[in-house]
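Kindly generate the complete structure, drawing on both the sequences and the hints.
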Amino acid sequence: MATFPVVNMEKLNGEERGETMNLINDACENWGFFEIVNHGISTELLDTVENMTKGHYKKCMETRFKEMVASKGLEAVQNQIDDLDWESTFYIRHLPQSNISEIPDLEDEYRKVMKEFAKELEKLAENILDIFCENLGLEKGYLKKAFYGAKGPTFGTKVSNYPPCPKPDLIKGLRAHTDAGGVILLFQDDKVSGLQLLKDDKWIDVPPMHHSIVINLGDQLEVITNGRYKSVMHRVIAQTDGTRMSIASFYNPGSDAVIYPAPQLINKEEEENNVYPKFVFEDYMKLYTTVKFQAKEPRFEAMKTVEDRVKSDPIATA
297 MATFPVVNME KLNGEERGET MNLINDACEN WGFFEIVNHG ISTELLDTVE
347 NMTKGHYKKC METRFKEMVA SKGLEAVQNQ IDDLDWESTF YIRHLPQSNI
397 SEIPDLEDEY RKVMKEFAKE LEKLAENILD IFCENLGLEK GYLKKAFYGA
447 KGPTFGTKVS NYPPCPKPDL IKGLRAHTDA GGVILLFQDD KVSGLQLLKD
497 DKWIDVPPMH HSIVINLGDQ LEVITNGRYK SVMHRVIAQT DGTRMSIASF
547 YNPGSDAVIY PAPQLINKEE EENNVYPKFV FEDYMKLYTT VKFQAKEPRF
597 EAMKTVEDRV KSDPIATA
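According to the working numbering, the residues represented by the sequence shown are 297 to 614, in order.
Hints in this document: simulated from the structure, not taken from any laboratory.
We put the beta carbon where it would ideally sit given N, CA and C, even for glycine.
Be aware that one or more of the hints could be misleading.
[What the hints assert, rightly or not] Simulated crosslink set (DSS-like; lysine-lysine; CA at most 25 angstroms straight-line):
| # | residue 1 | residue 2 |
| --- | --- | --- |
| 1 | K526 | K588 |
| 2 | K307 | K454 |
| 3 | K368 | K411 |
| 4 | K454 | K440 |
[What the hints assert, rightly or not] Across the chosen pairs, the derived CB separations fall in these ranges:
| # | residue 1 | residue 2 | range |
| --- | --- | --- | --- |
| 5 | G448 | D501 | 27 to 37 angstroms |
| 6 | R389 | R360 | 20 to 30 angstroms |
| 7 | T339 | G448 | 22 to 32 angstroms |
| 8 | I562 | K408 | 44 to 54 angstroms |
| 9 | G437 | K362 | 21 to 31 angstroms |
This is the structure:
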């Protein structure tokens, strides 16, 4: 089995740039995931985000989660649970408009730190997209423009904690799915594992690494790259020991962005029988929320039924 791809971003600035770009490209084509180190976000900020996130869970969310478990009798379940995830979460929207001031229970310093973290992640996401453009032979900025819509991209963070689970064989931390959006940046616990991806019909652990960021690709990048890059199924396995922290930030198209394969990545044969449709991202999300834990291919097929209604000029790349 091939080794999970880990990319040292500093090598993009030296003699190993070509080799590093190839590693990223291979990861996008064959894994849908890779892990980056030396990515430019300070270790001090990462440590502060982790400490405050874990502190917030302990103070504000742990008791509520235990009450939910007790009310549903989950500690004594005997059969597989297929409609619930063993996670405690809240969501922050950053773009196009932030809602962080409206989220209850967050201390002012935690809000400030998460705003700073989001700005760093936004820059990193756009840098990653331009690396993809270079590898794909697309003009720099193409993917950012493809995501833009009328008000820019949508960008938000799901903050999750996965407490110890008494029946991890019966309850998933998070059920298997592909992500609907663009590029996902995950800051995960470096001590408690659980994240797995599906590769060659086998579940592979995504290794926890201190101060790393895990990158994975969403369905929209698969469409825009005409299937050259893939979104892949992944899940979280609940653990019996330790609470796993997961901070996943989603850099996605704007709700009104029109998504379709980049013309440069379509050959003549594919033009007549294209696997991937043209659609408005908001329409895709409405479908996705109802079938998130099912295969992605029927979603692409379903969007073909609305393709004729989508009228858009090609994305400007100048």
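Against the structure, the hints:
1. K526 / K588: holds (16 angstroms)
2. K307 / K454: Not satisfied, since the Cα-Cα distance of roughly 30 angstroms exceeds 25 angstroms.
3. K368 / K411: violated (35 angstroms)
4. K454 / K440: holds (21 angstroms)
5. G448 / D501: 27 to 37 angstroms: holds (35 angstroms)
6. R389 / R360: 20 to 30 angstroms: holds (21 angstroms)
7. T339 / G448: 22 to 32 angstroms: Holds, at about 29 angstroms.
8. I562 / K408: 44 to 54 angstroms: For I562 and K408 the Cβ distance comes to about 45 angstroms; the hint holds.
9. G437 / K362: 21 to 31 angstroms: Since the Cβ atoms of G437 and K362 sit about 48 angstroms apart, the hinted range of 21 to 31 angstroms is violated.
The structure fails to meet hints 2, 3 and 9 from the earlier list, while all remaining hints are met.
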